[in-house]
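Undergrad: Below are the chains, spelled out letter by letter.
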Amino acid sequence: MKKELKLTVNGEPYELWVKPRTLLVEVLRNELGLTGTKRGCDSSSCGACTVLLDGKAVKSCSVLALQTNGGDVVTIEGLADGPNLHPLQEAFIDHWAFQCGFCTPGQLMSAKALLDENPNPTREEVEMAMNGNLCRCTGYNMIVEAILATAQKLPEEAK
Amino acid sequence: MTEYSIIGKPTRNVDGPEKVTGRAQYTFDMTLPGMLYAKILRSFYPHAKILNIDTSQAEKLPGVKGVITGKDTLGINFGVWRRFPELKDEQPLAIDKVRYIGDPVAAVAATDEYIAEEALDLIEVEYEPLPAVFDPLEAMQDDAPLVHDSVENNISVTRHIEWGDVDEAFKNADYIREDRYTVPPQSHTPLEVHNTLASFDNSSGRLTVWTSTQTPYYVQLMLADTLEMREGNIRIIKPHVGGGFGGKIGIFTNDYVAARLSMKTGRPVKLVYSREEEFTCTWRRTPMYYNVKMGAKKDGTIVAKEVKVITDGGAYHGLGATTLYLTGFFSAFPYKIPNYRFDGYRVYTNKSIAASMRGFGGPQAVFTGEQSLDMIAHDLGIDPIEIRRRNAMTPHYVVPGQATIESCGLLECLDEIEKSIKKRGKLPKDRGIGIAAYGYMSGGIFNWIDTPYAFSSAMIRISVDGMVDLYTQAAEIGQGSNTTLAMICAEELGVHLEDIRVHSGDTGTSSSDLGAWGSRTTLMMGNAVKMAAADAKRQLFEFAAARLAPNIVYNLDARDRRIFNKIRPERSVSYYDVVKDAIRGKEGQVIIGRGHYTPHEKGMISPAYSFGVQSAEVEVDRETGKAKIIKVTTVHDCGQVINPLGLRGQLEGSIMMAAGYGFTEDMPTDEGKVLNPSLADYKLLRYIDMPDTEVLGINTYEPEGPFGAKEAGEGLTCPTAGALGNAIYNAVGIRMKDAPLTPERILKALKEKEKSEK
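Going line by line, the protein sequences match chains A and B. The working numbering puts the first residue of the first sequence at 1, with every later residue one more than the last. The working numbering puts the first residue of the second sequence at 1, with every later residue one more than the last.
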């Protein structure tokens with residue numbers, strides 16, 4: 001039995017009908033075509049599906065779509081301001097903070113949530129905040145450096 | 001040294017904007033109109049005869065559009081081994097029996113994934129369970145069950161390597177020691193699982209396949225073989241790939257099943273593995289029993305080495321034969337060992353396939369050999385760096401009957417590591433630093449697939465605005481080959497990186513390349529791309545010469561979008577103007593440059609070799625047995641660095657994977673069932689586990705490589721586990737011969753040491 005779901009994704013309002021078992025990641029990828037959000041596991045272990053829900057990083061494979069009714073979701077597709085990349089995205093490119101890129105959207109969304117909450121994290125705070133995001137390619141250090149470099153560059157008003 | 005415009009400069013990844021915005025498309029993200037979803041039914045027995053398969057109930061389920069079993073296949077086995085058909089031993093879908101938990105027996109295509117899964121439950125398979133065998137030593141016994149009925153003692157491959165007179169040399173050695181090790185399996189764990197989208201066009205008989213692969217060309221040929229289709233009727237497109245690490249070489253069941261079901265249903269079919277299937281039904285790094293005997297003179301000179309290896313091969317070959325050979329080959333690295341013998345046995349067991357993984361037999365060889373060497377150094381009272389220095393390979397060294405080393409910076413690497421260790425000063429209690437040295441191939445010379453084409457080939461097309469389209473089948477899987485190749489192309493042609501657009505990994509638009517394995521892309525495809533760019537440049541020079549009218553004795557060169565007289569660089573002309581002239585002059589045709597590379601007379605293994613030394617500092621907690629990696633320092637000789645950013649990425653990533661191999665990653669089984677097939681239970685290193693890392697450089701030039709470059713993607717997976725083993729010994733005096741070096745094992749060894757000292 002499908003139920004109505006109203007939510008905002010990347011600033012756009014949506015009204016959908018979804019089954020109770022449908023996950024947020026399934027709505028994003030299959031219904032809205034936002035395939036930037038990935039799935040790497042089925043045990044909420046990898047963080048590749050991380051999006052922002054009402055400003056907090058959540059693993060969208062572990063959230064039922066209907067739980068987000070009335071919510072505000074930001075995915076990787078909503079991170080850049082049109083053609084202007086978010087400073088984190090620029091830093092990820094500058095620091096070679098991705099390789100295959102499959103986990104990268106999740107890494108970026110976790111990093112965004114971290115800097116929104118704590119604009120001046122220490123290295124340890126970055127590692128703890130990002131620890132739910134697996135990466136098999138980079139060895140993490142270059143991601144940490146990208147996040148720290150972004151924090152240093154963020155304008156004061158963003159902090 | 002030559003000053004390059006682009007080569008050697010830190011350069012942003014050309015795929016960066018796509019990958020940081022979520023726009024990069026992976027097979028995983030793709031759909032087609034009318035697409036069906038496939039699922040595979042797999043054996044839950046480790047070993048059983050298939051008596052009957054009844055699919056009738058599944059076929060009746062609404063939404064099911066096609067069901068296939070072994071009977072729907074042509075019974076032609078998988079395998080890249082066109083030259084060695086006896087090594088092709090894996091059926092696309094099991095026909096007569098299943099040989100491991102997860103062996104595929106049937107597949108369903110349905111209108112959604114839930115229906116496909118429901119249909120699997122409706123397939124009735126009647127099995128007759130058979131006795132199974134899980135350990136290779138047991139599998140070699142005369143009374144062991146046979147995994148493949150025709151293969152005696154389950155020994156599927158033996159490999160023997162020998163030079164010098166090993167027995168005589170041992171007689172003359174001052175010191176001999178023999179040690180036995182075990183090395184574990186490891187899961188590649190790409191974040192993007194194996195998955196395929198196949199679309200067969202009934203009317204034209206043509207098949208298009210999008211797949212997460214490291215080797216588009218092998219997928220094309222192996223689908224042609226197993227489906228008995230013309231190669232040219234199959235087009236493989238490799239979109240972005242979410243990691244491979246040696247686990248996506250050739251075709252896998254997902255490719256075959258998606259293609260076959262698309263042919264049967266006439267609709268596009270997508271098949272995505274679950275994470276559990278990824279762990280249990282794809283390849284794993286080959287576990288081995290490893291016996292190392294070494295003889296040395298009092299001064300530490302190695303006089304002989306004898307290695308015996310028995311591998312837990314799993315149910316089928318994959319690339320197991322090459323893994324076995326290479327572990328034997330790399331066991332003689334990176335030293336001048338005058339007398340060497342290797343005997344390796346690949347043994348079938350009722351487990352998943354053990355085959356290639358990043359390092360391809362190297363990590364096993366280095367974990368064992370570098371610990372043995374440290375023990376010899378210790379016993380003879382020689383410094384670990386000094387014993388390596390005394391035996392190190394040097395430029396132009398010939399490995400008898402196997403290989404010629406050209407560039408080799410191993411001695412310089414040892415010097416740098418020695419300096420960095422000295423800087424650490426005296427270490428606190430229970431801390432230790434261990435080192436390991438290694439060498440690795442820079443482009444495997446293995447023509448398994450028996451291609452008549454060049455190993456790598458490239459084409460570039462220059463349009464009237466100077467835009468350069470580079471067409472290559474090279475498989476970008478995250479290692480950064482699109483960027484590396486674009487840089488090589490731009491440097492050779494004398495243009496900017498923004499002038500290059502890379503089209504890679506599509507068998508329909510570009511000609512042969514063997515794919516991303518054996519650390520071959522930078523050297524082999526790099527050479528092909530450089531040659532293609534040089535070919536186009538030569539054509540441009542014909543027109544530039546007409547404008548510049550240099551004296552015949554002067555040469556032209558191209559750099560920074562200008563073509564100039566080498567002797568009088570101020571006499572130059574714009575690249576863009578020359579391109580326009582050339583296209584008008586060629587009756588309006590675009591400029592095409594072609595290039596290719598195949599290693600000829602370059603030995604058995606590789607045209608060039610990378611070298612390096614790594615040190616690892618660990619701290620052992622005597623209470624918990626947990627060893628923490630404090631710092632890892634690496635000196636890697638990769639010849640001329642193409643892109644320092646990409647190089648560091650490869651090295652950092654290798655450390656994460658290799659430290660996991662040494663410390664946390666394992667796939668324990670019970671009666672053939674993998675006990676930890678999820679990312680919650682299989683322990684990949686995470687952010688908080690990563691040590692401080694440092695990468696030091698040395699300068700070498702490899703004559704066979706493009707601009708002097710050689711590999712950086714795989715060699716560094718070799719040393720870390722061995723360096724960690726040596727570090728633990730130096731920290732707390734226990735010798736760990738069974739990897740991974742888990743807290744349980746460390747604690748046990750500490751207790752045994754305590755007991756023996758009482």
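Note that these hints are calculated values from the structure, not bench results. We put the beta carbon where it would ideally sit given N, CA and C, even for glycine. Where hints are given, some of them may not hold.
Here are the simulated lysine-lysine pairs, DSSO-like style, with alpha carbons at most 30 Å apart [stated by the list, open to error]:
(1) Lys9/B x Lys429/B
(2) Lys293/B x Lys71/B
(3) Lys153/A x Lys9/B
(4) Lys422/B x Lys298/B
(5) Lys602/B x Lys580/B
(6) Lys626/B x Lys737/B
(7) Lys56/A x Lys631/B
(8) Lys426/B x Lys753/B
(9) Lys631/B x Lys153/A
(10) Lys9/B x Lys293/B
(11) Lys673/B x Lys753/B
(12) Lys60/B x Lys2/A
(13) Lys19/A x Lys9/B
(14) Lys171/B x Lys422/B
(15) Lys602/B x Lys88/B
Far from chain B by the CB rule (all over 12 Å, computed), these chain A residues [what the hints assert, rightly or not]:
(16) Glu4
(17) Thr8
(18) Glu15
(19) Met130
(20) Lys153
Undergrad: Next, verify each hint and record whether it holds.
TA: How the hints compare with the structure:
no., hint, result
1, Lys9/B x Lys429/B, "violated, 42 Å"
2, Lys293/B x Lys71/B, "violated, 49 Å"
3, Lys153/A x Lys9/B, "holds, 23 Å"
4, Lys422/B x Lys298/B, "holds, 25 Å"
5, Lys602/B x Lys580/B, "violated, 41 Å"
6, Lys626/B x Lys737/B, "holds, 16 Å"
7, Lys56/A x Lys631/B, "violated, 33 Å"
8, Lys426/B x Lys753/B, "holds, 24 Å"
9, Lys631/B x Lys153/A, "holds, 28 Å"
10, Lys9/B x Lys293/B, "violated, 45 Å"
11, Lys673/B x Lys753/B, "violated, 34 Å"
12, Lys60/B x Lys2/A, "holds, 26 Å"
13, Lys19/A x Lys9/B, "violated, 52 Å"
14, Lys171/B x Lys422/B, "violated, 37 Å"
15, Lys602/B x Lys88/B, "holds, 27 Å"
16, Glu4, "holds, 21 Å"
17, Thr8, "holds, 18 Å"
18, Glu15, "holds, 23 Å"
19, Met130, "violated, 5 Å"
20, Lys153, "holds, 16 Å"
Checked against the numbered hints above, the structure violates hints 1, 2, 5, 7, 10, 11, 13, 14 and 19; every other hint is satisfied.
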